[in-house]
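Oh and the sequence shown: position 185 is 185 in our numbering, straight run, nothing missing.
There may be inaccurate statements among the hints.
Claimed, not checked - Cross-link-like lysine to any residue pairs, in silico, SDA-like; alpha carbons within 20 Å at most:
| # | residue 1 | residue 2 |
| --- | --- | --- |
| 1 | Lys136 | Ser31 |
| 2 | Lys136 | Phe159 |
| 3 | Lys176 | Val209 |
| 4 | Lys35 | Lys136 |
| 5 | Lys84 | Arg154 |
| 6 | Lys35 | Leu25 |
Worth flagging that the hints you see were computed from the coordinates, not collected in a lab.
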Amino acid sequence: MSIKPEEYLQAQSFALPASGPATELSSAEQSFISKYVGGDVALALETQRHDPAAQTLPLPAEPPIAEDGGGQPPLEPSLLERLKEAPTVQMVAFYLDSQVYLIPTMAVSEVLRYVPPVLLPMAPDYVAGVINLRGKVTPLLYLEDLLTTPRTVRSENRFIIICSYKGLQVGLIFDKVHTMYTFRQEQIMWDVEARIGASAEYICGLVDVDENILGVVSVDMIIDKVLQD
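Sequences and hints are given; from them, build the entire structure.
Take a look at the structure:
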């Protein structure tokens, strides 16, 4: 079972928490800034703190179970390790074009309507830019560049999933929310490299939902790429 997108959206509060003061940068944020953020961009970020009155969409805490078949600490366990240990895993399903993907809600802090970022000319093409989201340096990434095919035209009528790992907060740009699921551990196929080869670079698992195989996006691998590029 799953909840319908309209039910999910209607159940959410669109009020944002008040902006807080900027906090000390994590080592991951400092690394990102040193690579891509010049003085002019840093100044723009300081004046462009986003409080997206823009309708934040907090994720539901307990979506129903899906049917079968259907600063960072140096020793921080990977998200994948934590997901494998959980008896059930909550995930948000979303669209890129007509394809549906999944992201574990364990990595997700909120879902926002698209906000325009400050551009970073020296960053890789998959980096749309960066925003100051309530005092946190937040790169925005084009998910299609990492999972499917880069687009020649980028629409702003989209959404952003905010995720955090290794001290870096990122926004993953996608087309629209599909629905929410909770899967039992035995429903998820982890370590899928042997099954789907090179195309699994940013996919850490597969789930059969109503005879459709959906990929689980690896937030770990995506943030590692941002920090390493």
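For this session: Compare the structure with the hints numbered earlier in the document and write down the numbers of the violated ones, lowest to highest.
Result: The structure conflicts with hint 5 only, although it agrees with all the remaining ones.
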